[in-house]
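As you go down the protein sequences, you meet chains A and B in turn. FYI, the numbering used here numbers position 157 of the first sequence as 157, with every residue one higher than the one before it. FYI, the numbering used here numbers position 84 of the second sequence as 84, with every residue one higher than the one before it.
One thing to keep in mind: the hints can contain errors.
[Unchecked claim] Mimicking DSSO-like on lysine-lysine, the simulated pairs with C-alpha atoms at most 30 angstroms apart in a straight line are:
1. B:72 / B:25
2. B:55 / B:99
3. B:12 / A:92
4. B:338 / B:290
5. B:12 / A:90
6. A:92 / B:14
7. B:274 / B:221
8. B:14 / A:90
9. A:257 / B:126
10. A:257 / B:130
11. B:55 / A:92
12. B:174 / B:126
[As the list claims (entries may be wrong)] From the derived model, a few chain B residues whose C-beta atoms are all more than 12 angstroms from chain A:
13. 92
14. 117
15. 152
16. 215
17. 232
18. 281
19. 283
20. 287
21. 294
22. 298
23. 306
24. 319
25. 325
26. 345
27. 348
28. 355
[To be verified] Some, not all, of what chain B presents toward chain A, calculated at C-beta under 10 angstroms:
29. 52
30. 55
31. 56
32. 69
33. 80
34. 84
35. 146
36. 153
I should point out that these hints are in silico values taken from the structure, not numbers from a laboratory. Even for Gly, the Cβ is constructed at its ideal location relative to N, Cα and C.
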Amino acid sequence: MFEQRFHLIHHNSFFHILISLIAGIYFVFLGTIIACLLTATSLNEFINNIKSPEILSSIIISLETSIAVVILALIFGIPVAYLLATRRFKGKIILDTLIDLPIISPPLVCGLAILIAFGGQGLYSQFDVIFTIKGIIIAQLFVASPFLIRSARIAFESIDQDILTAARTLGASEFYTFRNVSLPLARNGIISGIIMTWARALGEFGATAMVAGCIPYKTETMTIGIYMHALSGNLDASVALSLLLIVSAFATLIVFKYFGRYNDSIK
Amino acid sequence: MIQLNDICKSFKEKEVLRSLNLNVKKGEMFVLLGSSGCGKTTTLSIIAGLIREDKGDIYVDGSRINDIPPHKRGIGFVFQNYALFPHLNIYENIEFGLKARHKQRNNRNEVKRALELVGLDGFDNKNPMKLSGGEQQRVALARALVTEPECILMDEPLSNLDAMVRERLRHEMKQLQKDVGLTTIYVTHDQVEAMMLGDRIAVLNNGQNEEVGTPEKIFYKPQREFVARFIGMKNIFNGKITTLDEEGGVMQISTENFELTAVLIPSTEGTHVKACVRPEEIILMKSDQKTSARNEIAGRIITIFPNGPLMRVLVDVGEDEISVDITRLATRDLGLKKGDKVILKFKATSVHVIM
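The following block holds chain A by itself, in its conformation from the complex (with noise of 0.2 angstroms):
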């Protein structure tokens, strides 16, 4: 609809030149950079450095935690969104607001949140979790989970509520409802919001560096790995897991917009 609208326009005005220029200039900007960055290294190059036993390990470790994280936050984060999207209730704002908070804030700041209350003397002192995978876990779920939560609300309160009430009206309990009408037609939302949780976990850094610290082998995640690599001078190994990143988050989106338009469509 739009893009017919828009070629009715014609494209020679001063202004159109103009935002032609400047989009051209940013877009030269973002390639020349990523560019910068595939041609950072060889294919041989990179295959050697992806072997290497410690690059190995913190792909794996980057993996099982991500995918823990996305399980977490599915567990928790649905009925999350359901009671916020369905439910009026005192005090909303403020839960609302706190979901909110570890998006705004900085990585580093729910890290040391988090080492404070696991930490020493800290109120969940007695589980254990700094420097270790379970330390990890909680600090990319802290910091990613609410990306879950705010996609599948909104599709939770985008569906229609007369649908919702002749579901009911034809003898459904709101369980029965929420299984076979809510979770179906929020679909492309959670699977959105799956998507964005899982890249944002496993590109998270700050939080899980100050919980987990940065232990070959033990909690060193990829991005993390990255930094330790470039700071101790081994470039490629840097550049060989930030490609892998950066192919993946690729990926990540393509299959994101495709939900995105999918989910358009049916409106």
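With chain A fixed as given, assemble chain B onto it according to the hints.
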């Protein structure tokens, strides 16, 4: 069958229903008629259990259902926007209610029968979003009917359809409702729809039930001034009964500006009444011609404007105005224009008296 006693409901500060009472009989098509904001939809939502009443009781077949959740009330609902499940095909949409109620019967036959009932056999695998509005509403109807509800509530189900489809579907729905014998409460703001569909009509105003009756009674013999105005009785005059002619079966009513002759009703002289005459019951002529009409009022045309398929002529008769509906052709043949002197005639039986 369905009984509402003193139902009250407020949203925040706004009182939507004020002591609403209704009594719907088994098997009838009961129409709730009213303008927007009169509480029609709220009433349906309360019957279905979708919102909770502040006060009052709801009975179905004599048992109080206030505390029964919506999915256990067995009350079907049909929405203005159809509300089909977009992620299910037609078959699955209709089967939904059967599955939700854990019925262990042969669903295929029931769904097939429901689809045949609404004239959509063979639509099983279609996507509901690809159907026309009329077809979607048929599916919604089949989806509600297949669960064999105690009664079915319809909230302006035809309002989103274009005029042609609406008229056809209205006809079919009435027929279907009669054939199945299903108790139905039908909400609309459309008088024509109410008149065509309703076995009985309740006119709601400001959260209260103004009047209940057959379409005949509501449209031709309303007992309340609000109802008379709502259904378009333009000419309503305050008057007083002056003489009762028992032998002739008529009575005289005197308004501020003219005398009227109406059919005798049990009353006493001196009673204050409202006399109503429908605009289409009045004969308009330029010169006095003999007719059997008992009432005759002279006046002058104020304005003429189109009113649907007819022309409405507004006539100044002293302090009052009288609206007359005549055909477009008659307006032209009589050469009517603003300022013309005319004579209005109507029968004694055309005068409806509200006590």
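Now for the hints, and whether the structure bears them out:
Simply put, residue 72 of chain B and residue 25 of chain B have alpha-carbon atoms about 21 angstroms apart, close enough for the 30 angstroms limit, and the pair holds. Under the criterion of a C-alpha separation no larger than 30 angstroms, the hint pairing residue 55 of chain B with residue 99 of chain B is inconsistent with the structure, at around 34 angstroms. For the proposed pair residue 12 of chain B and residue 92 of chain A, the alpha carbon gap of about 19 angstroms is at most 30 angstroms, so the pair holds. Annotation: proposed proximity of residue 338 of chain B to residue 290 of chain B holds, straight-line Cα distance about 25 angstroms (limit 30 angstroms).
Of the pairs offered as hints, the one joining residue 12 of chain B and residue 90 of chain A holds, with about 15 angstroms between alpha carbons and a cut-off of 30 angstroms not exceeded. For the proposed pair residue 92 of chain A and residue 14 of chain B, the alpha carbon gap of about 24 angstroms is at most 30 angstroms, so the pair holds. The suggested pairing of residue 274 of chain B with residue 221 of chain B holds, with an alpha-carbon distance near 12 angstroms, which does not exceed 30 angstroms. Using a Cα cut-off of 30 angstroms, the hinted pair residue 14 of chain B and residue 90 of chain A holds, with the two alpha carbons roughly 21 angstroms apart.
Annotation: proposed proximity of residue 257 of chain A to residue 126 of chain B holds, straight-line Cα distance about 27 angstroms (limit 30 angstroms). Between the alpha carbons of residue 257 of chain A and residue 130 of chain B the distance comes to roughly 24 angstroms, so the proposed pair stays at or under 30 angstroms and holds. Our distance criterion of 30 angstroms between C-alpha atoms is met by residue 55 of chain B and residue 92 of chain A, whose separation comes to about 28 angstroms. Our distance criterion of 30 angstroms between C-alpha atoms is met by residue 174 of chain B and residue 126 of chain B, whose separation comes to about 26 angstroms.
With a closest Cβ-Cβ approach of about 10 angstroms to chain A, residue 92 of chain B is found to fall inside the 12 angstroms limit, against its non-interface label. No Cβ of chain A comes within 12 angstroms of the Cβ of residue 117 of chain B; the nearest lies about 16 angstroms off, and the non-interface call holds. Its beta-carbon lying about 9 angstroms from the closest one in chain A, residue 152 of chain B breaks the requirement of being farther than 12 angstroms from that chain. Separation of residue 215 of chain B from chain A is adequate, the least Cβ-Cβ distance of about 27 angstroms exceeding the 12 angstroms criterion.
Distance check on residue 232 of chain B: its Cβ is at least 31 angstroms (rounded) from any Cβ of chain A, clearing the 12 angstroms threshold; non-interface status holds. Non-interface status of residue 281 of chain B relative to chain A is upheld: no Cβ of that chain comes within 12 angstroms, the nearest being about 42 angstroms off. With a cut of 12 angstroms on Cβ distances, residue 283 of chain B stays outside the contact zone with chain A, its closest approach being about 49 angstroms. Chain A leaves residue 287 of chain B outside its interface by the beta-carbon criterion, the shortest separation being 59 angstroms against a cut-off of 12 angstroms.
Every CB of chain A is more than 12 angstroms from the CB of residue 294 of chain B (nearest about 54 angstroms), matching its label as outside the interface. Every beta carbon of chain A lies more than 12 angstroms from that of residue 298 of chain B, the smallest distance being close to 56 angstroms; the non-interface claim holds. Against the 12 angstroms criterion, residue 306 of chain B stays outside the reach of chain A, whose nearest CB is about 37 angstroms from its own CB. Chain A leaves residue 319 of chain B outside its interface by the beta-carbon criterion, the shortest separation being 50 angstroms against a cut-off of 12 angstroms.
Taking the minimum C-beta to C-beta distance to chain A, about 39 angstroms, the non-interface status of residue 325 of chain B holds against the 12 angstroms cut. For residue 345 of chain B, the condition that its CB be more than 12 angstroms from all CB atoms of chain A holds, with the nearest at approximately 52 angstroms. Listed as a non-interface residue, residue 348 of chain B keeps its Cβ farther than 12 angstroms from every Cβ of chain A; the least gap is roughly 50 angstroms. Against the 12 angstroms criterion, residue 355 of chain B stays outside the reach of chain A, whose nearest CB is about 42 angstroms from its own CB.
With 10 angstroms as the threshold, the beta carbon of residue 52 of chain B stays out of range of chain A, its nearest partner Cβ sitting at about 14 angstroms, so the hint is violated. Taking 10 angstroms as the C-beta contact cut-off toward chain A, the hint placing residue 55 of chain B at the interface is violated, the least distance being around 22 angstroms. Hint on residue 56 of chain B is violated. Least Cβ distance to chain A is approximately 20 angstroms, over the 10 angstroms limit. Evaluation of the residue 69 of chain B hint against chain A yields a held restraint, the C-beta minimum of about 8 angstroms falling below 10 angstroms.
Hint status for residue 80 of chain B: holds, given a least beta-carbon distance of 8 angstroms to chain A, under 10 angstroms. Taken as an interface hint, residue 84 of chain B checks out: its beta carbon lies about 8 angstroms from the nearest beta carbon of chain A, inside 10 angstroms. The criterion of a C-beta within 10 angstroms of any C-beta in chain A is met by residue 146 of chain B, whose closest approach is roughly 9 angstroms, and the hint holds. Taken as an interface hint, residue 153 of chain B checks out: its beta carbon lies about 8 angstroms from the nearest beta carbon of chain A, inside 10 angstroms.
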